[in-house]
Amino acid sequence: MSDKNLNNPDTNDLDRIHAAVVREKADLPAAGRPAPMWAIFVGLLVAVIGGGELGNALGYFNIESSPKLGMISDPRASAGGAGATLDPFALAMKKGATSYAVCGGCHQASGAGVPGQFPPLAGSEIVLGGTEQLARIALHGLTGPVTVKGQNYNMPGGMPPQGIAMSDGDIANVLTFIRNNWGNEGSMVTKEMVAKVRDTEKSRTTQWTMAELEKFAKANIPGDVPAGPGVPDPAAKK
Amino acid sequence: MQNEASTADQNADNLRRAAIDRSVKGPVLFLFTNAAFWLMASTLMGFIAAVKLVSPGFMDWGSWLTYGRLQPAHIDALVYGWGIQAGLGVALWLMARRTAVVLKGGQGTLITLGVLWNIAVTVGIFGILGGGNRSIEWLEFPQGVWPVMLGIFVVYAFKIVSMAAKPDRTEGFMVSTWYILAACLFFPWIFITANSLLNNMELGALGAAINSWYVHGVILLFFVPIGVGSAYYFIPKITGQPIHSAQLAQMGFWMLVILGGWTGMQRYIGGPLPAWMPSIGAMAGVLLLIPVGVVGLNHHLTTLGQHSQVGSSPTLRFTFFGALFYPVSGLVLALLSASWSGMALQFTHAWYGYQIVAVYGFFSMCVFGAIYYIVPRLAGCEWLSVRLIRNHFWFSVYGIGTIVVTSVVGGIQHGGGLNDVANWNSSFWGVVMNSRPYISARAVAWALILWSNFWFLIHLMLMVAGLGRRSSAPTLLSHDHEDLPVTEGAKA
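So the sequences go chain by chain: A and B. Position 139 of the first sequence, counting from 1, maps to 139 under the numbering used here, and the rest follow consecutively. Position 487 of the second sequence, counting from 1, maps to 487 under the numbering used here, and the rest follow consecutively.
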C-alpha cells in the first residue's frame, strides 16, 4: 500500500513488475453455442415440479386465504380421533404403550419376561395386585428375591428405579398399560395416584425389597378412577 | 496471447491493465485484508459456538461468551465482516478490469469508508456479544450501524456502477459484468426494504417472513451474483476457453434475478401467513434449480478438458470448487424449500448448512480464487508458498464439506425426529441430544477451517506488506517454486 517498492532496487525490473499482467490471457467474450436440448427438457421438468408447489396456494394471492392446516397433520388426530375425545383410560393405554419401550427391554414386548432373569408382567400377581406396591416398585425399583407365578427370580442389581427419569403421568400411563394388556385386567392408575405415592416416599433413595413391600401387597392407592375396568365396581374405587 | 494482436497493441493493453490495477490497489487490498481478519474471527466464533452446543460449560467466561451471542456474532462477522467486504473488493477490481476504467481519484475516500465499515462491524459484533442482539436473523447488530453500512455500500456500489455506465471498451455480452451490476443494485434495495420495515413497524408474524426474505435475498442477490460473476470471469481467463454458451449464461442470469427476490417465506411453511407467501417461496426455491443447474452446466462445459489446470492454478482450483458448491447450495435450498421436504427441514440444522454452503462453500471459495489472482497483481509480488495455498485449499474443502453434509443429514434426522408421529409425547430433549454427534463434527470442521484461515491470513498479510516472492513466474500448485519463463507460465 506504500510506494516503498519503487525505492527497492530489486523492483526496478519492469518486466518483473508487470509480469503478472503480461502473462494474462485475454478476456474472451462468451461463445455462441446453443443450450443443449436435454438441459431445456430437464429445466421444464423442474418447472413442473416447482409449479406443483403453488398447488398449496389455492387462494390466488388472496390475503384471506390461510395456510392449509391439513398440510400439518396432527399426530394425535391421525391415530383414530383427536386426543381430547379419547376417554382417559384409552388415552392412558395409548400413551402407556409408547412409554412401555422403557420396560420392554427386560420384560419383553410380550410381557412374558425372560425365564430365570426378568419376571413376566403378563398374569403377574404383583402387577395385578395392590397399586400401592406396584407404584413403589416402578418409582424406586426392586432388589432381592421375588417370586412371580411360582418362579423365583433374583437378578443381581434388581430392577432399576424409574421415578427419576419418568414423570408421574408417564408412570401412571405405563402402569395402566401393563395392568390391562396381554390378558391382564386391573383398575386404571392415575397421575394423581403416582404423585401421592411419590410424595409419601420422597425420602426413599434405595430400591425396595419384597419383604418391605409386604404391607402394600394388597393395598390400592386411594383416588378417583375416571374410566376403565373397575369403575362400575365401587369397591375398586377405594 | 492472440497472434493477430500486434505487439504495440498488446503493450498498450498491458500498460492499461497495469494502470487499472494500480488505481484500485489501495481500496481492494484494504478490503481483502480486513475481510480476512473478520473471516478468521468468524471461524473462531463458529468453532467455539459449535463446541458450546455440545458442552455448554466450555469456556464458561461469562454471558458475553454464550452460544446465544456467539452464534449470531459468528454469522454476522462472516456476512458483513468477510462476505460483503471481500465481495466489494472483488467487484471493484473486476468491474474496473472489465470496463477498462482507471479509477481516477477517490481511493482515499474508499479506504476511509472501508475503515468506517470495519468500525461499524466491530460495533455490531461487540453489540451482540454485549447483549444488544436484536434477534432479527442477519440483522442482529444494534440499530444505529445500519444506516452507516448502507451509506458506505451505496458509495462503493455507485463507484462500481458508474464504471459500467461509462466503459472504456465495448465488447459483446459480458457475463461477469452483469452479475456484479446485479449485486451492486440489488443489495441496497433488499437492505433498505428489510431495515425500514423491520426497524420501524410492528409486523407480528409478517416480520419473521420479511426477515427470512432478507436472508435469502442477501444470499441469492448479493453473494451468488458476486460468486458466479467471479467464476464466469476467472474460469475463461485461466483456461483460455471462452464461456461455453452465451445462451446458457443469459438463462442462468435472468432466472436468478427474477426468482431470487421471491424466495424466503417458504421458511414458514404452515406458519401464520397467507397461504400464497410460503407457496410462492417454495416454488421459487425449486425453480432456482434451473438457473443453478444451467450455470453449473456452463462452467462444467467450459472447464471440460482443462482439469489439469485445476491442479496447477490456485485461482482456478478455488474457483472450480466454489463453482461446484453452487449446484450443491441450490440443491440444499430446493430441499429446504419444497413443501414435502421443507416441512421436515424448516427449523433444523439444515438451515445452518444452507447458510454455510452458500456463503462459505460457494461464495467464499470463489472469492478466495479471485484473491489468489488479484493480490499478486496489486501487491507486485507472487504468493510465497505453494504449501500454504494447498493447506488453505484442502482444509477449507474438507471442513466445508463436513459442515454441509453433517448439517443436512443431521437436519433430516433432527426434523424427522421432531415430526415423527410416534414421538408426539416424548420429550424434545431426546431429539436435541440425538443431534450432538453432528454438532461435534461441525466443531471439528470449524477447527480445520480455523487452521486454514489462520495461514491464509498470514499469507495475505505478507503479500500486502510486499513481502511476497520476487519473481516473474506465478506460484503454481504443481511446480514447487519453479521459475518458468514468462511465456510458459501463463496460467496463474
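Don't take each hint at face value.
Here are the simulated lysine-lysine pairs, DSSO-like style, with alpha carbons at most 27 Å apart [stated by the list, open to error]: (1) A:K202 to A:K218; (2) A:K149 to A:K218; (3) A:K191 to A:K215; (4) B:K104 to B:K166; (5) A:K202 to B:K166; (6) B:K104 to A:K196.
Hints listed in this document are in silico derivations from the structure and should not be mistaken for laboratory results.
Hint-by-hint comparison with the structure:
1. A:K202 to A:K218: holds (21 Å)
2. A:K149 to A:K218: holds (16 Å)
3. A:K191 to A:K215: At roughly 22 Å apart (the allowed maximum being 27 Å), K215 (chain A) and K191 (chain A) satisfy the hint.
4. B:K104 to B:K166: holds (13 Å)
5. A:K202 to B:K166: violated (83 Å)
6. B:K104 to A:K196: Distance ~84 Å between K104 (chain B) and K196 (chain A) Cα, so the pair is violated.
Of the numbered hints listed earlier, those contradicted by the structure are 5, 6.
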